[in-house]
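Heads up: the sequence lines are chains D and E, in that order.
One point on numbering: in numbering that gives the first Met the number 0, the residue at position 261 of the first sequence is 260, and numbering is uninterrupted.
One point on numbering: in numbering that gives the first Met the number 0, the residue at position 235 of the second sequence is 234, and numbering is uninterrupted.
Just so you know, not all the hints are guaranteed correct.
Derived DSSO-like pairs (lysine-lysine); straight-line CA-CA distance at most 30 Å [claimed, not checked]:
{"no.": "1", "chain 1": "E", "residue 1": "Lys294", "chain 2": "D", "residue 2": "Lys105"}
{"no.": "2", "chain 1": "E", "residue 1": "Lys203", "chain 2": "E", "residue 2": "Lys186"}
{"no.": "3", "chain 1": "E", "residue 1": "Lys103", "chain 2": "D", "residue 2": "Lys1"}
{"no.": "4", "chain 1": "D", "residue 1": "Lys181", "chain 2": "D", "residue 2": "Lys105"}
{"no.": "5", "chain 1": "E", "residue 1": "Lys186", "chain 2": "D", "residue 2": "Lys49"}
{"no.": "6", "chain 1": "E", "residue 1": "Lys136", "chain 2": "D", "residue 2": "Lys1"}
{"no.": "7", "chain 1": "D", "residue 1": "Lys1", "chain 2": "E", "residue 2": "Lys203"}
{"no.": "8", "chain 1": "E", "residue 1": "Lys294", "chain 2": "D", "residue 2": "Lys168"}
{"no.": "9", "chain 1": "D", "residue 1": "Lys61", "chain 2": "E", "residue 2": "Lys136"}
Everything labelled a hint here was simulated from the structure, so no lab data went into it.
This structure is a prediction, so every number in the text was calculated from the model and none was measured.
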Amino acid sequence: MKTSTILRHSLTHLFIIALGVLMIYPIVWMIISSFKPNNMIFSDTGLIPKAVTIDNYVSGWKGYAGTTFGKFFANSLFICSVAIVGNVISCAMAAYAFARLKFAGKRFWFVVMMATLMLPGHVTLVPRYILFNTFGWVGTYLPILVPKFLATDAFFVFLLVQFIRGLPKEIEEAAIIDGCGKVGVFLRIIVPLAAPALVTTALFTFLWTWDDFFNHLLYLTRPDTFTVSRALRTFVGDAGAVSNWGGALAMSTLSIIPAFILFFSLQRYFVQGITTTGLKG
Amino acid sequence: MFLTPWLLGFLVLTLYPMLYSLGLSLTDYDFTQPDSTHWIGFANYQKMFGSAFGQSEFTASTGETVRVDPYYMKSLSVTFTYVFVSVPLKLIVALGVAVLMNQKLRGVSFYRAVYYIPTLLGGSVAIAVLWRKLFEKDGLVNGILGTIGFSDLPGWITNPQYSLWTLILLTVWQFGSSMIIFLAGLKQIPQEYYEAASVDGASKVRQFFAITIPLLSPVILFNLVMQMIYAFQAFTQAYIIGGGRGGVLNSTLFYTLHLYIQGWTYHEMGYASAMAWVLLLIIGGITAVIFLSSKWWVSYGTGE
Chain D
0 MKTSTILRHS LTHLFIIALG VLMIYPIVWM IISSFKPNNM IFSDTGLIPK AVTIDNYVSG
60 WKGYAGTTFG KFFANSLFIC SVAIVGNVIS CAMAAYAFAR LKFAGKRFWF VVMMATLMLP
120 GHVTLVPRYI LFNTFGWVGT YLPILVPKFL ATDAFFVFLL VQFIRGLPKE IEEAAIIDGC
180 GKVGVFLRII VPLAAPALVT TALFTFLWTW DDFFNHLLYL TRPDTFTVSR ALRTFVGDAG
240 AVSNWGGALA MSTLSIIPAF ILFFSLQRYF VQGITTTGLK G
Chain E
0 MFLTPWLLGF LVLTLYPMLY SLGLSLTDYD FTQPDSTHWI GFANYQKMFG SAFGQSEFTA
60 STGETVRVDP YYMKSLSVTF TYVFVSVPLK LIVALGVAVL MNQKLRGVSF YRAVYYIPTL
120 LGGSVAIAVL WRKLFEKDGL VNGILGTIGF SDLPGWITNP QYSLWTLILL TVWQFGSSMI
180 IFLAGLKQIP QEYYEAASVD GASKVRQFFA ITIPLLSPVI LFNLVMQMIY AFQAFTQAYI
240 IGGGRGGVLN STLFYTLHLY IQGWTYHEMG YASAMAWVLL LIIGGITAVI FLSSKWWVSY
300 GTGE
């Protein structure tokens, strides 16, 4: 290799590393600051804390209105699990229909489904709220969870349609010759073969439901039903004043752990999911 | 049968609410007093845009005097500034980093993961809380600027001149998804094109504009549309960082935030529905313009 090439390569590396440090510095700073005594969070910009304490975790964990963060985490996990089940089942069914079945108006409904991808959720917001309110669902998890069972996340339907279309048709045809019905084909062939796409769906459903704030703000009214994201908001007061920064940073740190674990254990699926659909962010 | 859940969801949770909200937008519906709802025609729309025509109040068809919304135009301009600055910046950064990452370098997948982390955590309240802390008067950013010799630094969040820019910076910081899509697009470009261009003596910069950009244009279009639609609907960051309101002097009063405040703080749900429909028209209109213009700048490589 020529010296100039080596120089260019090292410069590129250096630049990429510098940019990378800049990218994650705020997050690393948050994690480290959460272990600093409250009065040092403000003055200390460095990454190596001069004193380490877990007081912030103790004070933050106490939570809000007598409900601890343990309860908030349990609530979030519950919502996420149910949402995953709902999304995976309903989106896979819709995607199978769009990708493989023949029915009247298929093209039309497919275009409609794709159009809902671009529809801002705010247009349906008020009537949905009124609807759920007349059902007596406001204050419960139903307004958040029921839509998941009705395949309202068009992103995932689209992702799964793309994936199922790419599967070889021969296996299904063979199964039909062997006397397998549509349901059999779906359960025994499509679902197992589409596993990578279903994992992507499950992953992003988890992340978005975990991070969702708007729906939780609208529909969750009692502190004992709050999710982690809804509860974190209570650290930032109405005028934007924060009384307990240490606690806020400590609980924020805890709240991002699930995303980290998922990302690093299933990175491959993330990259696949993003490149095939351009999932938001 | 397999389509039932989706069809039910579409009819009950999308189509019906859409039409319902169009109807509501012509009323003064307040969900705490649903019985006193009046048909007010286009008064909600007049309330929105009245201030643009110098109106401060007008008489609705019910005979009532209605004050025009003094903050609507502000929320529109905040949102437009946010979308039209943050989206192009984000795509430029994403493309630049993707090009860097497309070289044969050791540890590229590790770097890619690092760059994706802010996006991964992007919409979370935790990051919004962190951002507020970073850009406060005594936050980390000023701490670092202070140590390298700056003084008299403003509170970036509390100064209306800068607060929107901290939110734009937050958005640009989360360029990970666009970067990964660009990277996938770059990998599809055959190396021979670059080799041929090198033989012809084209510089790297010229190669970038003559080969990379045109061949990547469908991916650019895709990223542009998705990010634009997404940016118009931004809410969480503005809500948390602005403390549940539009920040100081409404400098970060995003459209969706204003809609939420009107609908759920003031119970003006008819008005909120009208705002939602205008948002739909704006997003639809801009998407249509981008698609129509795309035939001038997007090449699908068929004519070669």
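Right, here's what the structure says about each hint:
1. Lys294(E) <-> Lys105(D): holds, 28 Å
2. Lys203(E) <-> Lys186(E): The given pair, whose Cα atoms are some 17 Å apart, holds under the 30 Å limit.
3. Lys103(E) <-> Lys1(D): Between lysine 103(E) and lysine 1(D) the Cα gap is close to 16 Å, so the pair holds against 30 Å.
4. Lys181(D) <-> Lys105(D): holds, 17 Å
5. Lys186(E) <-> Lys49(D): Not satisfied, since the Cα-Cα distance of roughly 46 Å exceeds 30 Å.
6. Lys136(E) <-> Lys1(D): violated, 49 Å
7. Lys1(D) <-> Lys203(E): Since the Cα atoms of lysine 1(D) and lysine 203(E) sit roughly 18 Å apart, the hinted pair holds (cutoff 30 Å).
8. Lys294(E) <-> Lys168(D): Answer violated: lysine 294(E) to lysine 168(D) is near 35 Å, above 30 Å.
9. Lys61(D) <-> Lys136(E): holds, 28 Å
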